[in-house]
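Given next are the chains, with one letter for each unit.
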Amino acid sequence: MTREEAPGEREIAVVAFAQTDHRRTSEELSEVEMLMPVLHDVLGQTGLKTADIGFTCSGSSDYLAGRAFSFTLALDGVGAWPPISESHVEMDGAWALYEAWVKLRTGDADTALVYSYGKSSPGSVRDVLTRQLDPYYVAPLWPDSVALAALQAQALIDAGHTDEPALAAVGARSRSTDNPHAQLRGPVPQGDYVVRPLRTGDCPPISDGAAAVVLAAGERARELCARPAWIRGIDHRVEAHGIGVRELTDSPSARLAAERAGAFERPVDTAELHAPFSSQEVLLRKALRLDDGVAVNPSGGALAANPIMAAGLIRIGEAAARIHRGESDRALAHATSGPCLQQNLVAVLEGDPR
Amino acid sequence: MSKEPVAVVGIGQTKHVAARRDVSIAGLVREAAGRALADAELTWADIDAVVIGKAPDFFEGVMMPELYLADALGAVGKPMMRVHTAGSVGGSTALVAASLVAARVHGTVLTLAFEKQSESNAMWGLSLPIPFQQPLLAGAGGFFAPHVRAYMRRSGAPDTVGSLVAYKDRRNALKNPYAHLHEHDITLEKVQASPMLWDPIRYSETCPSSDGAVAMVLTDRAGAARAPRPPAWMHGGAMRSEPTLFAGKDCVSPRAGRDCAADVYRQAGIVDPRREIDAVEMYVPFSWYEPMWLENLGFADEGEGWKLTESGVTELDGDLPVDMSGGVLSTNPIGASGMIRFAEAALQVRGQAGEHQVEGARRVLGHAYGGGSQFFAMWLVGAEPPTS
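So the sequence lines, in the order shown, correspond to chains Y and B. Residues in the first sequence are numbered from 1 upward in steps of one, following my numbering. Residues in the second sequence are numbered from 1001 upward in steps of one, following my numbering.
For reference, chain B alone in the conformation it holds in the complex:
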């Protein structure tokens, strides 16, 4: 049974900032959707269905906000779905939208993800504990810091690696007009001198809280043929989940992440990701996750990921650039962050990434994860249509 090839023909995002007080949630999502439609040179009438994602409803204090957003997203009279898979949701949402096209259920689908963190408080949104269950320990950083420590111990990585990632991503963000943090005076010394929040994670090695939205128009082969600009083609996509906590879980390199990447590579015919993939938009909310995910995704052997980072391989001009857009470390509207990775990967292979474009990027991986490093969503997009 053959699947319909899926093409990204429109991408739009908002300028991400700490607080968009000038727009409602509806205004925010409509801005991104409008830009994606404009990029695809399509109108609302060309869209067959809408697939929307965001992280928990408590982040804005609105239950199932897609119901209220139906009008703003031109969904009235159409199918509309809401995906929620924790931090990986932006990626999962794009994959559900892609499935609709691949299964030939719909020809052209609008997919969108957002978070308007300024409407509420994400820290408290995640702090509604129930008895006898592990609380998130003062925000996500408290949960992930011990896993970073475990990585450092296992790999022998010097404690300078995390700051290198943050310094790189914040400089990359300066080339991305949509990035939230534009720290023009950033230096490595400033990153290293920033306060310790959750040892070993420093303030400047953490993601900001952002308001923002991102949208993509996905379409079939016929839609791609009509597209005004080069499409990005999906060569593989997968989701994997494992339980939050159990005795056999490897929190440093979760098996769900490895399995998810392996499935994507199999679909895309990738045998050696390090050589065959040109760049990665990786979900790195805390700087140390770059070397950790480099290993988890098969770009480096176990314990070797930090060497790629340290030697400059992941710099914008390195031979495996990671987070060219500035990444989650520079922009984090949580529910949208995964889809931004997917969209930035697509921008790269379309040659539309502007100042942060990687020359000759033909195959780029978009990666997202969420929960307690337990939900993974990834896609690999290419400049050429898939051959199989």
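The shape of chain Y in the complex, shown without the other chains:
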């Protein structure tokens, strides 16, 4: 959001959230089969049917599916008949939610269904993600996602922002969650180095999973949810692609997005951060000015389950669900994309005063 919330602008809230149990593999399920229960769940929570939804938007990646136009099949799961007003981003579902939020702000729709999904199990995520790097100068060298994250982790250690025991603590705390959907729960060995200084425990699991959210505007939100999670601000920013031109120990794009979303105006009590590597949580806590009083990733975050393309949307959903349940009054949700936190989205969610 680039300007102050003016009177008369529509209030928009997350009114329902659903997700799969995230798993290492779901080879017996197609993407549509994986997604269907989640869509039924999220619509069931609100009592809405596909035909009642004003706008639908999804996020996914053809490269994960290994097939062009993979999202066209997911649409079958939505049951887009009669035809629906619908769009898709080749991004994490958090950005699909952003597109839906914009659509609701125009007044063209009062409700929106947002979903995203990713199956990482069929391929090698580390190899696949190299294909999103500069195709001429960088991708041919196949620097993988863990190696790039390790560069960033080492830069943070060298700058004195963290050390290996602190990183291990992030991993351990993340997996001590009681979130029933999480893939890794309880004591998980820190393990051997994958790429120094990152060990297995500093890296996300490889996950298959899906998530969905329903948004609604104004009074419609109050009808559909006892305690809507109002989106007070949402913004996203991208940084340069080249690792060499970025300051890897900082995240100016996350900070700017947070500022534009109004995150710094008042303290938050909860933060759901999309930090697939333990070192990235350290970095984001600093950029987003989260002190020890904030409950960071009570869901376990991406270190407990990392269904690529859905993990960011899940952060918004988890933050909203805490507001729905009365466990939070003001929460920050964050999503990221690209190598070493290149692109970042921040949403600020609030419940009505109690």
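In case anyone wonders, no lab produced these hints; they're calculated from the structure. No experiment lies behind these values; they were computed from the predicted model shown. Glycine included, C-beta positions come from ideal geometry on N, C-alpha and C. Take every hint as true, because none was put in to throw you off.
Every beta carbon over 12 Å from chain B, so not counted as near; a handful from chain Y, in silico:
#1 24
#2 49
#3 155
#4 179
#5 225
Using 20 Å as the maximum straight-line C-alpha spacing, the simulated EDC-like pairs for lysine to aspartate or glutamate come out as follows:
#6 1003/B with 110/Y
#7 1190/B with 1315/B
#8 1249/B with 76/Y
#9 1003/B with 108/Y
#10 1175/B with 1185/B
#11 286/Y with 259/Y
#12 1003/B with 9/Y
#13 286/Y with 163/Y
#14 1003/B with 11/Y
#15 1015/B with 1355/B
#16 286/Y with 247/Y
#17 286/Y with 265/Y
Fit chain B to the given chain Y structure using the hints.
Then chain B, alone, in the frame of chain Y:
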């Protein structure tokens, strides 16, 4: 709740060709974006956000290329989004960008779409089948040819109509300096004598594979007031989707297309599109889709579209010109093709279409579709600001 009016104040595209070996993907998109900014007499600093679209990542073999393109598009420190809705993506991308302005989230947005098909092979990019699902049957033509046959059977159209469309569009392309195919020696006989690829679709009735990019600068009322050249105003825009295949689907005239057009006309206050719309930039990758979409979009009754084509109504000097730019049949950087339709519609109402300008074009429809005739995106632009 009132929406902010949306104006197109800058348009830029590349000269579309089979292979732009002289530029990278970044070089290609920057060329189009630079031209759009120059048209609007704005700089990179004037842009608040970037919305980019393209068809599948497999067409270039780059996953989520917008990440790599952030620098080339001046997006560093700004919001950047990537839309992907199959062949309709160029249109959808422009509509998402327009929503940002209409919702007053941003004042001025750069939107861009591209495809650099020479970096890979679109045929193989679409041929990664998974078990138990319909493959595309040897490219898109194999998928669409049976639907063309169904149209011919239902409408009783003579089998000469498709070649008339191709002959018209290729001649129109000669007047468009950015068009890919410039066939100076084109004749109707040559079109009709070209090899049959997917019966009834002949070689010269199909789109080429192009490298190219197109960009537009969209802005609010205040931005339009500062624009150096006449803006095109958005009067309506909509997207509609339906499933790929199901028993009740009408592949000849999909309901999603009809609903999408109806929504755009409602927003624009159009009651009789045939009389109230001056020209159409229509997504016609195979020639027969002109008469089919004329019906789907409400310009002709069911079964009557081919008569408009046959009688010359859709010629550049007809009274409902279609694909003045040469259309997708002459230029097809797939991910950009939809946005080129939208941009060419805007060029017409701005009076900036050069040799392929339709005299007095005041309201023009831009149309895109994709997937198995299941994703639709359209906008109607006008020379005057919207009144409501």
